[in-house]
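Hey, can you work out the whole structure from these sequences and the hints?
Protein chains in written order, with my numbering: chain S, 1 to 388; chain A, 1001 to 1144.
Some hints could be false.
Said to hold, decoys possible - Derived pair list, reagent style DSS-like, types lysine-lysine, alpha-carbon separation capped at 25 Å: (1) A:K1104 x S:K259; (2) S:K263 x A:K1106; (3) S:K3 x S:K263.
Worth flagging that the hints you see were computed from the coordinates, not collected in a lab.
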Amino acid sequence: MRKVAIVGGGLTKFGVRKATYKELAQEAGKAVFEDVPNLDKKDVDSLFLGSAASDRMAFQSYPAPLVAEQVGVQPNKVIMRTELACASGQAAMRAAYGSIASGLSDIALVMGVEKMNTPNMAETQTTMAAVMDREWDGVNGMSAPPFFALVMMRHMHEYGTTREQLGMVSVKNHDYSASNPFAQFQKKFTLEDVINSVEISKPIRLLDCSGITDGAGGIVMTSEDRAKEFTDTPVYIEGLAQCNMGSLVSNLPSLTTWKPMKKAFRAALMMAGKDIYDMAFAEVHDCFTIAEIIAYEDGGMCKKGEGGKFIEEGNPYVGGRLPVNTHGGLLGTGHPLGATSIAQTVEVIEQFRGEVPEERYVGGEWALTHNLSGNANVHSVLVFRRGG
Amino acid sequence: MPKIDLPYLLDFCPLQTEDFTRIHEFFTNLKEGKFTTTKCKSCGEILWQPRVVCPHCNSDEMEWIDLPQEGKLFAFTEVIHGAPLGMEDDAPFSIGIVDLEDPKMKVLARVDDAHYEDLEFGQEMRLKIITLEDGRVWFRWVRK
Ligand SMILES: [Zn+2]
Chain S
1 MRKVAIVGGG
11 LTKFGVRKAT
21 YKELAQEAGK
31 AVFEDVPNLD
41 KKDVDSLFLG
51 SAASDRMAFQ
61 SYPAPLVAEQ
71 VGVQPNKVIM
81 RTELACASGQ
91 AAMRAAYGSI
101 ASGLSDIALV
111 MGVEKMNTPN
121 MAETQTTMAA
131 VMDREWDGVN
141 GMSAPPFFAL
151 VMMRHMHEYG
161 TTREQLGMVS
171 VKNHDYSASN
181 PFAQFQKKFT
191 LEDVINSVEI
201 SKPIRLLDCS
211 GITDGAGGIV
221 MTSEDRAKEF
231 TDTPVYIEGL
241 AQCNMGSLVS
251 NLPSLTTWKP
261 MKKAFRAALM
271 MAGKDIYDMA
281 FAEVHDCFTI
291 AEIIAYEDGG
301 MCKKGEGGKF
311 IEEGNPYVGG
321 RLPVNTHGGL
331 LGTGHPLGAT
341 SIAQTVEVIE
351 QFRGEVPEER
361 YVGGEWALTH
371 NLSGNANVHS
381 VLVFRRGG
Chain A
1001 MPKIDLPYLL
1011 DFCPLQTEDF
1021 TRIHEFFTNL
1031 KEGKFTTTKC
1041 KSCGEILWQP
1051 RVVCPHCNSD
1061 EMEWIDLPQE
1071 GKLFAFTEVI
1081 HGAPLGMEDD
1091 APFSIGIVDL
1101 EDPKMKVLAR
1111 VDDAHYEDLE
1121 FGQEMRLKII
1131 TLEDGRVWFR
1141 WVRK
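Okay, structure coming up:
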């Protein structure tokens, strides 16, 4: 197995974009290739495209060759699209990892492209509800906000997690996204703003939710021996793991303890030979405020049930014990499904290179990214090391 | 300009007749007021939703068993904004997960006639069977 490196990446502006799916892909391609100037497009032998719902939200099936043409590559080893809902981008990275590690691919372009804002928002909500078991959960009005509302109210009930503690996650992540140029929300909010924002699915409010976001991004992955051709600061993938348990909401092992998350964190860190506190920072999947609270717990940063206390005591802030979501998370930067993991990875690249603003700079040698997908039934984790 | 008005394939409710599904009996039972699921004849596992192949032992020998039509409320929410197409006019509506006692399992469904504030952990709930305009059936929870 060859060691796999990420040598650069770039993103489009995230948000409600006056641009089509294909135009977002073009913008992302430009951003990637400008970040890796030594790369000749002809040397890209593989394209892995994370795209969760192009079929429904951009009415476009078979998007991989479409994106290849938009960005100007002609893959001759692997071309594929990965779909894993909110973790589609990390699924593409995982597929690229396997292909490079095995020697099949040498230079892979890994992209995430998602267009979610359409003239009819109810259609987007419908597509999101179909991420659940459509016939047995979606039919009952289940989609992401009601699911995480059930999780949140149970967590508050079982562990005494407070409305204020949950709100602090949103405040923190918007504080960081305010200085992130690609973020959907470059605006700070107060705890009162969060607690008084519009009710979406009780007890979840608007500022407990990540956005409905158009956005795209890409990274270039290659083997360790080729990495130095493109950068002085390669980012190595040292650990990766995934775990799935169940699908139907009624059958999940628990709403508030995410066993597949525990397993994925543990396995990815074990592969890297590291502990969670060896990480300089972690980018976790805060699709809703409660998801970040549970990530503190089941990601091994604190004891079960103490996620609320963990943020209240200042731990997940820049300068704290383990900074979490230094780029502003999904809450602050938006959540263009397939591009979300790519944005987290670009944050790792920029942190390691020292390219982020002072107020959220952490740097360090090690970092972790995490995505959950669907009803938190799949968890995907990557552990990175700074090279060079 | 010609008018463009295309429907999407956006109907959440499962197709229920023998032509479309092998678990049509669930729906005919529901029409008769019975809430049922499949139990594996080979390993004895009770399966939810009803299945045609047992995920535990791969047997395809199933029997239909009656489920209790009451239970205790485990978790609940009320959807205010963001309901999908076909349910927009229903919002606000509530959703709950109910614990059944025997067999021990959880069943998620819409909760009728109750706002979030009307609901409590452990509240006694009972099943309500609804009929759609086109004759299809489904189930919801209501307070007992
Ligand atoms: Zn069986």
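Each hint tested on the structure:
1. A:K1104 x S:K259: This hinted pair holds, its Cα atoms lying about 20 Å apart.
2. S:K263 x A:K1106: 24 Å, holds
3. S:K3 x S:K263: Holds - the C-alpha atoms of K263 (chain S) and K3 (chain S) are around 23 Å apart, at most 25 Å.
The earlier numbered hints are all upheld by this structure, with none contradicted.
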